[in-house]
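With the sequences and hints as input, model every part of the structure.
Chains A and B are the protein sequences, given in the same order. The numbering of the first sequence is the working numbering, which starts it at 3 and goes up by one. The numbering of the second sequence is the working numbering, which starts it at 3 and goes up by one.
The set of hints was computed from the structure by calculation and includes no laboratory data. For glycine and all other residues, C-beta sits at the position ideal for the given N, C-alpha and C. Hints are supplied without guarantee of correctness; some may be wrong.
[Stated by the list, open to error] Listed next, the in silico DSS-like pairs over lysine-lysine satisfying Cα-Cα at most 27 Å (straight line):
1. B:Lys-647 - A:Lys-641
2. A:Lys-425 - B:Lys-150
3. B:Lys-64 - B:Lys-13
4. B:Lys-540 - A:Lys-647
5. A:Lys-231 - A:Lys-630
[What the hints assert, rightly or not] If you want the footprint, here are the derived chain B segments under chain A, 3+ residues with CB under 8 Å:
6. 40 to 53
7. 217 to 230
8. 308 to 320
[Unchecked claim] Listed next, the stretches of chain A that the computed footprint assigns to chain B, with coverage defined by at least 3 CB atoms under 8 Å from CB atoms of chain B:
9. 308 to 317
10. 450 to 456
Residue-level listing of the chains:
Number of protein chains: 2
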Amino acid sequence: MSDLRSLLHPKSIAVIGASKTPGKIGNAVIENIKASGYTGEVYPINPKETEIAGYKAYPNIKDVGKPIDVAVFCVPAAASLAVAEDCGQAGVKHLIVITAGFKEIGPEGKKLEEDLVKIARKYGMRITGPNNLGVMDTHTPMNATFAKDFALKGNIAFISQSGALCVAILDWSFQRGLGFSQFISIGNKADLNEADFIEAVAEDPNTKVICLYLEDVVNGDRFIEACRKATPKVPVIVFKSGITAAGAKAASSHTGALAGSNTAYDAAFRHAGVIRAKTMTELFDLADAFTKQPVPRGKNVVVVTNSGGPGIVASDAVETLGLTMARFTEETLKELREKLPPTANIHNPVDVVGDAHADRYKIALDTTLKDPNVDAAVVLLSPTAVLDIEEAARITIEAAKAHPDKAVVAAFMGGAKVDAGVKLLQANGIPTYTFPEPAVATLRGMVEYGKLRSEVAASTEWTFDDVDKAGVKAIFDKVRADGRDLLLGPEAAQVAELYKIPAAPSKLATDADAAVAAAEAIGYPVVMKIASPDIMHKTDVGGVKVNLNTKEEVVEAFGAIMESCKKAEPNARIYGVEVQKMMPKGDELIIGMTKDPTFGPMIAFGSGGILVNLLQDASFRLAKGLSKSEVEQMITETKAYTLLKGFRGAPPDDIPALVEAIGRVAQLCRDFDEIAELDVNPVFAYPKGLSALDVKIKLK
Amino acid sequence: MSDLRSLLHPKSIAVIGASKTPGKIGNAVIENIKASGYTGEVYPINPKETEIAGYKAYPNIKDVGKPIDVAVFCVPAAASLAVAEDCGQAGVKHLIVITAGFKEIGPEGKKLEEDLVKIARKYGMRITGPNNLGVMDTHTPMNATFAKDFALKGNIAFISQSGALCVAILDWSFQRGLGFSQFISIGNKADLNEADFIEAVAEDPNTKVICLYLEDVVNGDRFIEACRKATPKVPVIVFKSGITAAGAKAASSHTGALAGSNTAYDAAFRHAGVIRAKTMTELFDLADAFTKQPVPRGKNVVVVTNSGGPGIVASDAVETLGLTMARFTEETLKELREKLPPTANIHNPVDVVGDAHADRYKIALDTTLKDPNVDAAVVLLSPTAVLDIEEAARITIEAAKAHPDKAVVAAFMGGAKVDAGVKLLQANGIPTYTFPEPAVATLRGMVEYGKLRSEVAASTEWTFDDVDKAGVKAIFDKVRADGRDLLLGPEAAQVAELYKIPAAPSKLATDADAAVAAAEAIGYPVVMKIASPDIMHKTDVGGVKVNLNTKEEVVEAFGAIMESCKKAEPNARIYGVEVQKMMPKGDELIIGMTKDPTFGPMIAFGSGGILVNLLQDASFRLAKGLSKSEVEQMITETKAYTLLKGFRGAPPDDIPALVEAIGRVAQLCRDFDEIAELDVNPVFAYPKGLSALDVKIKLK
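Here's what the structure looks like:
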């Protein structure tokens, strides 16, 4: 873990290229540091000035002669290497390289960026950027950016890969009243990346939620590690762009980010306990809510309203987003029945109806929020002639305070008429929206965090110590020594066996006698397939014979397969014939692995056979860190699960065996980075046990 | 069609229960009419007053003695029947019954509402409401509501089933700057319903878009007819609530609306050319945009931005929402290359980069909007030190004006800094959003309307005149005469044949000889199944024998089936054994029909056999009005389509035959309202032709 305390709370800051000329970045930065109320030492570096912004200026950073925590670069890219050398010699700890003209401009800039990193490494300095807006910490306080304003003091840490977005969000945050602990523009991420900053701000007592705008992740493992460490303490919400082909293309022309597959990001975020915001609005709606309201213990929501329509809209949203309309206890219903007029609807959504004064909101909220079946509340209000809206707001605020374990959000609908009430709610920690749906969407995000947090806390990598790693290594070495990267069927089956993945017994036979011996050792009936790394579509060239029951059939099949294949593919390397036990038909499944450039091996499970492409019924998880409960979860996410549970009176399949097989495949892929591709298709699942029929392994 | 001109543009209005007392509804209504600048005659009706709000008051409406277009009821429910009688005698055309206390309070109120309708019918009066807010028309101008304000003049017709929502939306609309042509609260819809109002406002030259909040639809056919008539002229956007079980439950406790199934609503909206808004926000975002921007001809979008991050976000949204990032012509690229600096990205998204002055927006917009491959533009802006934001807004406005056939929307990100630019854009007809995603979502809705509009214009009901309706009627009559509602297999197959739906040949045999004769007439192999309306699970009781190839096998099967079934189900009515041609296996499909209470027969098509429940792979369309192209479309929407097209080298199935079979099933269901349920499962599709294996028909 990188210690970024001296970056976020520095005792001294040098501004290299500080300037007296308004409009220059070097002027904006030093004026911002001053205006932010920063109380540490400030050293403007500019050979032409003796004083800037009231601080004594130095011609070179080496002339300062005192410890310097942070140096902010406001010099042209061409000067950056020399300046970095100077910083190194002056013992600077952190460089914030605002300067642009690095990786984002092409190969030349990329080289410059690499050289800059080399210098930093040499002196043990860390780089933020280059090509960024700078760094703010409102509690230090410090505004080491060239933004026009300083963020409002608050508890959201915002980390952004886009500087322009930082500027826009910052500006917008004042209207919205969002307060930040840190506001960090990470630029090209030449050295410090999102993972470093997540770790750092998660440790900060002023941060209650971490929000990120990301176009890519630099190091998948580090990112997951940082997020899993943060999640039990504070929620991490990511808005990841570049999810579509068009977006990824735009991203790569932007900061040269190589976007990993969206599926891998989904799998990684889930394993890391990260909430993925689908829109920018959702990102900040959620961030705001997390700083104000507790994480609900469950997903049971009460909706309180004074008009039917919005109550229905909210109820729809609750169910559509996977939350539940709370069912009240008998006591709650009794109390509501006694205290509310007969025209009111005491079942959820609780409708206090149009002639309600604010007191009915008090009855509805006080009664339902103390119900153990209620985890959160959505308070809806439409203006009426008789309702004191500010009073309704105060009642909502008090009810939320009286139940600090339950999340309360509101949608006071209408404009000017509800304005005073809305302001009261917002000033008192009740997230408030114009319409019911975003209020419910916020609760959904909070509930999701609660779930992810406990999942992350409970999950540990599921490992098996009864596997024969050395045996597999030997097979891989042999394959390579043979000049191949594709394993033959019997080799792959053997690898599976060494990891106790139940593959159908299989042997390689180089002549007819050996084939008979193999068949008799395995037991009839058998299937025979040509063993060649060069023949992909075995059936098409007469390379497969099934349901062979006697010695004679095996002998005949051996001859026929060899002859037919040699004729069809005269240049193919043929190793003989694979003799495999013919297994009874079961439910067809697939277990597979693909390599993601960012997050490594990703395990897929789903419906197999010919249907796999048709249905595209698969769920994915990262192999690294995969826990047993994650495997169980991934099975339930597929349509195949309906079959596995026992469809239409069929007996259920052996799900525990399947869970274990997936866990073992994951371990195999973790243990051997050299596996480039792995596919077990089909796997037959039976009421007892399962059989991996066709294991394909390709090495890097 | 109902002529509602005298309701929306009345020459005279009576307010029954008009009052001088502020706070009373009867006071609010008359003051609103006056304040709205209504220029027709106004007659307050109140026996205790001689003048109200400056208008001469009358003790009873019958005393007015002049023609009265509209009477607004502000009297208690108990008085409403007598008042309606008076109105009828006075020759009133329209009653706006604001009064509550009708259907929404239970059986007693329902009776009162029915009696009110009877009186109205007797005199040829139409009722708006009861239990509503009233009606506004800003162009008349007339505010016959008890709302506190009058809507801004504009071109959105808003029709709402929730009065409270009307109040909230109206209040909010001032902040948002939304202008309305009509603002109509339809209440309990005792007489006039959504369809009547859609027809009326669609005819109004001041209405450019129709927006509805609905909890249910009263009459499916009328609704579809009204929408299909409106759609070619103006978009109809519906936010339908009560879509989930919880929402529907809330809806029924609200206005007693019986919600049809959400799938049927989807099918109906699509057929009617209605855009379904998924959130309240989307409803008004779209409504606003339709009044300001042209409907794009296609879905090719250009994104122009001065910062990378938001450009990626917008590109992602474009693809995620099913739009396309426009590919520019060579000319466009050449011009952009020449005029923009080399740092700019000239491919879509066009990034004029952070140091851009407003002139680069002009270059980007002028060049791309004239490209024939571009249908719409999203203009993104993040504030920078060098950019004149108001100038960028003016450039956007001018570019949009210069290309009146292309839709332009904007997201100027940031708060106070972009505020003046945002105001300029909004005042000049450019829909503007805080973040990129809702800007793109609006374009998506507009593109969808363009598509729906042309689909509605092109689609006519697909009918067949070579069907034997009388023959089917005779079979149904026979089944009924037999005291059954379920058709036996051979009867259902015969119905299919009479509609030229290719069913597998099937005959009923009452003894073994007849079975043999049937088998020989049909041709071997055959399948035999017990023919009984009381045996549901035929296989379980030994009621099915397959693959029978000889006379002997048929005789033996007949005996075995009869014996086994009589033993297992001694009380079942047994009609004999069905002898059916055993058809070769094809791709398994299902064609089915369910009855929706609101929209009538709904046709389903999807994957069949055991997979139908597992995959839930089905698409739905209403039988009424079903066009050939809609049938073709519904096939392409399923996963089964992948199989039908020819999966993994298999030859494609006979899709035209399938299209026709679905069209004929739809006609059968339209022709016979008495069909309660119909299921053809499985249908085997072949490279040439298809075969309906099992036709199930149940009558009402």
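Hint check, failures only: Of the numbered hints, 6, 7 and 10 do not hold.
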